[in-house]
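For this one, chain D is given, so just place chain W on it according to the hints.
Here is what each chain is made of, one letter per residue.
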Amino acid sequence: MMMKSDFWRAFARNKGAVLGLVILIAIVVLAVFASVLFPGDPWDMATAPFQPPLSDDALLGSDMLGRDIASGIAHGARVSLLIGLTSTAAALAIGVTLGALAGFHGGKVDDAIMRFTELFQTIPNFVLAVVLVAIFTPSLTTIVAAIAIVSWPPLARLARAEFLSLRTREFVQAAITTGQSNTTIILRQILPNSLSPIIVSASLMVATAILLESSLSFLGLGDPNAMSWGYMIGAARTVIRQAWWMSVFPGLAIVLTVLALNLVGEGLNDALNPKLARSRG
Amino acid sequence: MLGFAQLFASRLVKAAAILIAIVVMNFFLVHAAPGDPAMVMAGEAGAADEKFVTQLREQFGLDRPLYEQLGTYVGKIVQGDLGFSYRQQRPVWDILAERLPATLVLTLTAFILALAAGVALGTLAAVTVGTWADSAITVVALLAYATPIYWIGLMLSLFFSIQLGWLPAFGYETIGAGYTGLAHVADVAVHLILPVITLALFYMASYARLTRASMLEVRSLDFVKTAKAKGLSQSRIVTRHVLRNAILPVITVAGIQAGQLVGGSILIETVFAWPGIGRLAFEAVLQRDYQVLLGIFLVTSIMVILFNILTDILYGLVDPRIQVSQ
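Heads up: the sequence lines are chains D and W, in that order. Each residue of the first sequence is one higher than the one before, starting from 1 at the first, in the UniProt record's numbering. Each residue of the second sequence is one higher than the one before, starting from 1 at the first, in the UniProt record's numbering.
No wet-lab data here; the hints were simulated from the structure. All the pointers check out, no bait thrown in.
Taking lysine to aspartate or glutamate pairs in the EDC-like style, the calculated list, with each CA pair at most 16 Å apart, reads:
1. 14(W) to 312(W)
2. 15(D) to 266(D)
3. 14(W) to 111(D)
4. 76(W) to 94(W)
5. 76(W) to 58(W)
6. 14(W) to 118(D)
Pulled out of the complex, with its shape left as it was, chain D reads as follows (with noise of 0.2 Å):
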């Protein structure tokens, strides 16, 4: 096991880790403040509609119905994270159970998994998710549930090719000698030395997940209680002309919100798999 002083002189050694985990500690504070730095609800008329960036009582203006642009972003920065957190989890839970499952057990149970993973990864995702969403009516639980439905099969496949290499060690060939269980086995021995990649994988997909909540309350497929940064621009799309920033701010946080998310995810790979790192160059 490495040190955590080890751990955080590689991270840090990535400059461009730095600057994102930076940006994002001040996403989660911006999140967490929300309703401190803007009290009252985002979806209330603040101020007469249609104000540009620095008016009086609207930094980055006003919407066509008078909401705070830069409330709705922080209260959105909320909806972002905690879908992109939560979906991660989901799709974390599916894919390395039935990863895991296909790598130790090998054979028929590898090949089933095998073609139900493969049948979801041809699909396209987006279109299902927007079916599902749409079927099951807009909701918190309905998007987190259809992100993590369409988004586990990468961590599945990885969860495979760890479980497959692993499982061959002599350390699990011990463990099998000594009658552990299967269950075991798996959870205390296999999983937490496959973990590094996991991890580097579930950063990453906190990103797509954000991309993809945002992608789908643009469609207008987002909980209507809860303000989001996709909403916001699909609502002010048909105004771009006259009001650019509407849809300009939004689109900004969802950027640096997901590009210090990937930047974080490069450091933790840089971090945890420093051999690879090395000979990347």
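Just chain W now, kept in the frame of chain D:
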């Protein structure tokens, strides 16, 4: 070409299996949806009149056991009957067939552009590794990864259409211009530029990064050293030896990502009012027209399978060894 034909046949069998799975999935989606399946098929609850709902119940035998219903459903799909859109008062297949060409033009052009430009940029980055051109391509790729495609589309149209007035902001052709022949083709092509670039950008970035990494890996292999020792020119080594081998993983990933590209057309067509299947999906979502939505799911899945076959053929062309090894 026997090996290749066999591979092709096995892919077709697999494609058929995937299609059946998707049809079954569609069936269960209708039944898992909250509320009466007949109502789900008819569109938003309350919108359909009682007579039509009763007719649907009889037609699909909704009082029969589930497996019998599944049989009826699959039978209908096999005959090309994708259902009836109550909202539009037309068979779903007719609506889809009308919109299909526009989407095929958009996605195929974007796919080819993404592959060609991505491989070209990746090669450039690999050849100039460590210089400003390499860093620029890496940074652009990183940004393209982080930006929602619908927002790129909006920003491009804000800049090129609204600010500069160079390109049309939306639509398929100039309405009322009445162009024919070449003028019509040119008109559609001009309207196609922004949607295609927007849709291709993400994948271009992805293929550029992949090509770069793959070329840097292949470059250090022995056969490249041999080629250098033989005194071949740098450009010949890059194109004939390095690129031809480095491009294989790129084609594989392009095949895997085809599904995302086709799905992305929903967003692009919504932004640019491109009259294809994606725009239809957006309209169907607004109207809660589930029959149309499920039809789109099936048709886009077929498109992905076709794209996969296309990449298989490409792979076979680039790598003749596939005949022996597979």
